[in-house]
Amino acid sequence: MDNGSVAGAGAIERTIFRFIWKYSKRDQLILLAVTATLFPLLYLTLELPKRIINDAIGATSSIVNVWGYSLEQTTFLVILCFAFLAAVLAHGLMKMRINTMKGVLSERMLRRFRYQLISRALRFPQPYFERVSQGELVSMVTAESEPMGGLMGDAISQPVLQAGQMLTILSFLFLQSVWFGLAAIALIPLQAWLIPRLQRQINLLNKKRIQEVRVLAAQIGENAAGASTLRANGGWRYRRAMISDQLGRLFGIRFEIYQKKFFMKFINNFISQLTPFMFYLIGGLLVLQGSVSLGALVAALAAYKDLSSPWKELLTYYNQTQDMSLRWEVVIERFAPDGMLDEKLFEGEPTERPRLNGDIVLDHVSVRDMDGNQVLDDLDLTFPSGKTIGIAAPSEEDRRALAETLTREILPSSGKVGIGGVNLSDLHQGVVAARIGHATSRPVMFQGTVGDNVMMPMRFKPLSDQANDPDFHETLRAGNSSDPFRTEWLDPSLAGFENPYLLRNWWLQLIDGMGSGATLFQRGSEQVFDAAEHPELAAKLVELRPLVQVAVRREGLEQQALVFDRATYNPALPVVENLLFATPRVPVTQKLLSEQTIFLGQLRELGLDETLISLTRDVIEMLRQIFGLDGTDHPLFRKLGLEASTYEAAVELVEKTRKDGAVGLDDEQLASMLAVPFVISAEQIGPAFSEELKSRILELRHSHSAELMERLYDVFVPLDPSEFAPGLTVMENALFGKVSQIGGARSDEARKVIVDVLAENGARSLVVELIYDVPVALGGQNLPAALAEPLAFTRATIKKPDILILENALASYDMDTQIAVYKNLRELLPETTVIYLNDQFEEPDVFDMFVEIRQGRVVSDQGPADVEGDGAASADLARKLRALEQTPLFSGLDRRQLRLLAFGARWFEAKAGEVVFLKDDQPTDGAYMILEGEAGLYLPQDSDPDQLITRVGGGTLVGELGLIRKEPRALSMVAETDLVCLRIGEEEFLAVVENDAATAFKLLQVVAGYVAS
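Heads up: the sequence shown at position 663 corresponds to 670 in this note's numbering, and the numbers run straight through without jumps.
Since the hints were made in silico from the structure, they are not lab data.
Being a predicted model, the structure only gives us computed values, none of them experimental.
Where hints are given, some of them may not hold.
[As the list claims (entries may be wrong)] List time: in silico SDA-like cross-link candidates among lysine to any residue, alpha-carbon distance up to 20 angstroms:
(1) K423 x L352
(2) K830 x S392
(3) K547 x A231
(4) K701 x D780
(5) K973 x G940
(6) K29 x E350
(7) K394 x D852
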């Protein structure tokens, strides 16, 4: 290990000062040089007041000789005063400049540090994220590193500045009088010794206070959770006394803190005032004796007043360095886990990009988790190149570990993975990312668009070094990424294509090959798009409108597919769109409406404002009854398209409109009320939207819509059967109408008819392309599984990988669909080695090679191998694990749960004829998992021999019902042959059943079998 850095791949500096010096040495020295210019100016601000008093004001004659020049006393005074003003101004400007330089340097260094931490996190082994929460890492990178930035800028300049100011002031004092200098420094050693000690005591008390506050918080939480129990059992008085006692301890600690804190302040202030006392006493005597001038005494007192500030700053700097050094160690420790990917394999670009199209060889590969427990055990497998391999592993932990080993997310604890003779551990991450694809049923999606996520493999590096960012130079100075962000990144050549158009066609082929085209087509038909970006689709939709409307009428769906007609009111359109017979270019909001003052004035003139206000009141009352004031986050409310703030504002204005109507509302308030019916349609409002109101809106449409539209062309677009409507979805544009939201199954039929017409007439690929621009929320929260799964699949295959690993990636598909996808994928990627990882396969014969893995080992006909443990205890635990994992009931158990079960289990052996337990015995000895031999379950008879109910053999769990029901044994168990069992204790067994849903389900199936038989 380097003496100045923490061990790990791409080690980071051990101390914060090594980090500061390594990356900002030049800037720190420049800052130091600029800081040094401050001291002469500071001296001038101390010296000039003395000169003003002694040489100008206190001059003995009206003519003053200065450096051989004769000046009038008033002139000399003015010159000295302006010189003092200039010195103060220059001193202030220099301090401002120094502080600005320190601030910039602090932010630059903090930016570098955060970037390094984030970059290191990208190289963490995947299992490490299971031990460290994301919140903890985020807090360290943001909140905990923030105070370090201040120290990074102050590291050298701050102590030099404050110490220099102290020395400058002390030099000035000594030059006036040695006694002044001695008086100023006499008590500094006492302060330096006493104050930190008192502060340490206060810090310890604060630490103790925090611990006691946590105890109080726990007690408050217990009281809140158990309030009903306290009331029912009369325990509230005792608990209140307990709380009082805890509050008393807190009071005592705080009282002690206050005593020490204010005693420390008293001592500090007293010492600080003791020095001026000495100045007044000794200095006054010296002035009276004529040894020192009055100006020198006044200047000395002013200088001493300025001396306390740098001294306090030095003490604060000392405390800050101690705190930040400790914080640095804590953060760095978290960001230096074992098993990090070597920085050389992650940064830059690989020197070569070998194809990974050889056989995949797992050479005695073993993998351990972060706790050191075995996950994969001595896997010795060879997967032939270009073949389809199926791997069945009931344990999700096994599947994940194998997939992460093959993608180098984790490194084997022993053995190696080779691909075509190349060691996977030695490859650059760029090669691994380009040649190996991995998709799961639980993909991680990033905020942006679907296209950003799908095309991630195609954006490995920028295509140009030229950045369109004027601040990119500062990015480089801060040691951040040397790749410009604002430039073109998409590189179709990584998948062997010449342009983005061919790459998108390849993506559509993959979508179809996976059988997800119909799902994405349906989703795409619900998208709103910009005709300028997709002119071909916009023209196609207008062209197909007659065909779509004919198909809808042929199926008798006119009541569900509501075609726009200028002569009729469309109940699926909001009020304003019906009134104008137009669709909005942008979403209609309260703010947008309030800006349309002329339009609002026209509504007032037409008298429509009162009618719409009345309608709004009815709608708000209905919504308030359903959602209340705090139900605006409900999915049904969000579906209305009404902003929560608009709804809340309208609720507040409802009562006002009851008294004054629309007259009492200004334009902004009127907009708040009108935003409700202008967003919600008559269908959504229901019976409150009368036929009379519809008729009146139609009348106004025919008489005034053209006049109203004159001022709204930048907001609304008139509906025209021959023109594309920008505010409508693909489906609505194809229909030139709206599909009713209250039509139920018939509305679904109408949607299907519309998309079928689009598909039959060549619009399918154009519509599916819109998915590319669908926004993705943080973490992909807005994407349903039916959409996320195919996107993860295409992200892994878009780059035409040499190896494709599909971990439960087709879990939601039935077997016939899965087999069809296998075949389609083989046609699309004929040379790719495809590895399917699943818990089981109904038809393993469809694969070129099939492997079954249980509890980290390849299943074979051979018996369990001997286990080498660290000792007898480890070997015994391993034997129990091997025994339990062979049983159907526990084979799919999470390894941690299985380990706990094995730890609590005990070996049990019985000779033939020996009784294991008798009927009516209490089940306290636990359940018996038979590993070898056979046992009989008997029902005792009063006079006749016991009745044999059934015989049970290896892999059978006996006695579990007694544990679950907590009732005596229902039958007797007798060994028919020599028995070897594992006896599982009641507590261990029930803990597994309660914490593992899969095991509980299997147990339920076993119990159902008992009932059936």
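Going through the hints against the structure:
1. K423 x L352: Status holds; Cα separation ~17 angstroms.
2. K830 x S392: 17 angstroms, holds
3. K547 x A231: Between K547 and A231 the Cα gap is close to 63 angstroms, so the pair fails against 20 angstroms, i.e. violated.
4. K701 x D780: The hint is violated at about 37 angstroms.
5. K973 x G940: 27 angstroms, violated
6. K29 x E350: Roughly 18 angstroms between the alpha carbons, so the hint for K29 and E350 holds.
7. K394 x D852: 13 angstroms, holds
Of the hints listed earlier, those the structure fails to meet are numbers 3, 4 and 5, in rising order.
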